[in-house]
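There are 2 protein chains.
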Amino acid sequence: MSEPFVFDPPTRILLGPGPSEVPARVLSALARPTVGYMDPSYVGLMQELRGLLRMVFDTKNDATLAITGAGTAAMESAVFNALEPGDKAVVCVHGYFGDRLRQIMERAGAEVTVVESAWGSPTRATDVEAALAKAGDVKAVGIVHGETSTGVRQDIPEIASLAHKNDALLIVDTVASLGGVEFAADAWGADIVYTGAQKCISAVPGFSPITFSDRAMAAINARKTPCQSWYLDALLNLTYWDTPPKYHHTGPINLAYALYEGLRIIDEEGLTNRTARVKKTAQAMWAGFEAMGMSMLVPEESRLPTLTTVCVPDGIDEAKVRAYLMQQHGIEIVGGLGPLAGKVWRVGLMGASCQPRHVILLLAAMEAAFKAQGVSVPSGAGVAAFSERMAG
Amino acid sequence: MSEPFVFDPPTRILLGPGPSEVPARVLSALARPTVGYMDPSYVGLMQELRGLLRMVFDTKNDATLAITGAGTAAMESAVFNALEPGDKAVVCVHGYFGDRLRQIMERAGAEVTVVESAWGSPTRATDVEAALAKAGDVKAVGIVHGETSTGVRQDIPEIASLAHKNDALLIVDTVASLGGVEFAADAWGADIVYTGAQKCISAVPGFSPITFSDRAMAAINARKTPCQSWYLDALLNLTYWDTPPKYHHTGPINLAYALYEGLRIIDEEGLTNRTARVKKTAQAMWAGFEAMGMSMLVPEESRLPTLTTVCVPDGIDEAKVRAYLMQQHGIEIVGGLGPLAGKVWRVGLMGASCQPRHVILLLAAMEAAFKAQGVSVPSGAGVAAFSERMAG
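Chains A and B, in that order, are what the protein sequence lines are.
Counting in my numbering, the first sequence runs without a single skipped number right up to 393 at its last residue.
Counting in my numbering, the second sequence runs without a single skipped number right up to 393 at its last residue.
No lab work stands behind these hints: they were computed from the structure.
Pairs count within a copy or across copies, as identical chains cannot be separated in the list.
Think about it this way: if two alpha-carbon atoms lie no more than 25 Å apart in a straight line, the pair counts; the simulated SDA-like pairs of lysine to any residue are:
no., residue 1, residue 2
1, 140, 117
2, 321, 43
3, 247, 104
4, 247, 97
5, 247, 14
6, 321, 335
7, 280, 190
8, 247, 340
9, 247, 48
Fair warning: this is a prediction, and the values are worked out from it, not measured in the lab.
Based on the sequences and whatever the hints tell you, model everything.
Set out below in structure tokens:
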């Protein structure tokens, strides 16, 4: 006989690839009374949101909004609006999410050239240059800025220049990076950029920011066929974000409250202060892992501060470590995906999850988990190295 | 100089076409701690949700889930999974949302036959029969059960029989009806049925239930081409709802908490008790409107209890009435769409919005609003007629 289900979501320490810890301020905002999707208070909130979204994307793009759905809905909106059936596209695949971008480009009926690099390495600009030259007449290039599957941070400006030199749009996935890692849509030349609410913004999942440059909007307005999704059609969605708004779908009212509060927290700290703080905390955590005898998969120059892939030491059963962390302390870190399964842990420092107290607990708990498997670790070395770097 | 924005969502009395009033229990659930999208507690919740969704759809369909997005995302999932480019489809348009279904079928590349009826009248089965015969080899028929734009309740079983006789799938939109009006997916032969969370279920918007019959799943599995949306692909989405789940996208964790609680409230009351209560309240409200000298657009046999289109009396400025209700009491009712603009108000009794105290306030406030425009109404007649019917 199975136990009756009891609804009682536990308080986890979310150090995985997202969702991240949601601050109490955001949860309180989420539970405010639901209003109509055309209520003056909601229309006002949407305009505030647009301003805050421009801040976090570092853009002046008029066409800045959020898509009602997961980050993958925003990814699909980016691709479906940029590409028409038969268009040529180049996609940079250096992990799981680059490959998802490829699959969605294929469902858009595009002729896709894949630029592949090993999981753990970023895409090389020279490879993109060669692919653009070979394919010819490419409409869009897609690339992931922060690959959650590998922990790679991809340099964007050079790829953007190449795309523009070839009259192609640059689509950038910042789901795992925006709000936690330096990013500048306008200065770097990213034409369509999207993210999720539940990673470095620390709002809850289901409402996904996206921005389109004027170049992207000109291309979208010049399409010969309508977007293959009515729901994700940028032109239709944007009419809802206009003043006065035109009905397109029911906005996810309470999620907008949460996103607003999550963005306000970033604005209050200051985006540059925040990315610097995350970087410092990540570097200190890396020092902690190294002091415990572990190494990172990705070389430091391409390492994503918000998501670290740390290699599982020899002799350690990685799944048992995760189970120990979850059972003893409710800590969520996750295993590797695809070719990295069993080889790495993925440790996130996204949004409100990026707190020294969480890292200290993680390092101490990992030490205990290693010892429980009979693997020796210098006692307290991880925490000491972390604390020293944080104090420096 | 514009006033600084203050985030302070007001407490409205939501008597429009949705979102409906969200019970405190649901808002509290919404604000529970966010967990990971593969957390054992979330995986358990998804299974509970599937059971509760089968209850509200009145189905045994294995393929019962919710789509991360607005009701329109679920509409698009229904269409994109059922139809491939070049497939023939019949769509019944008796209002705004039937027309949206048509637009989405066209974006799916289908060859669409439209069966149109006047706004305010349901689709006639004989018209569907003729369209099916004329088009030949139709893959799917689409129809709206509760038209939010007109207040029409459409009879389903006969249309379902016709679809099945022609080997077509029946897609039914229940966004404005499910959980508030009698509906039986299995008994009536509806193959793909979807709804929204924020209408008669009174959870918040952004997570939209959908169910696929075994016939629908067989057709989907027999497709020659993949679904044109990776995000809305039913086969991929269903892997996330399996046990153990396979990652597809990040579920809208906190919205799932809200949907669960909204469905629990329905389950506790009992679906049949609930639809009977809504019907009784609606009938009493109609009596109230009539006692005030108003008439309903839709004849009673086709009238949707959850959304009433009440005709604007001669000599009344309808927008001024809505402004009065909103400004004096924070009551939201809305105006007519398309050909009904200026002619009707749309009054919803969806989910937790269906409460006698709200109807009494509405009737009293409308009387005052009419008098403020110099139009005479028998004092207290609306409230008296409502209360009498409710007591009966």
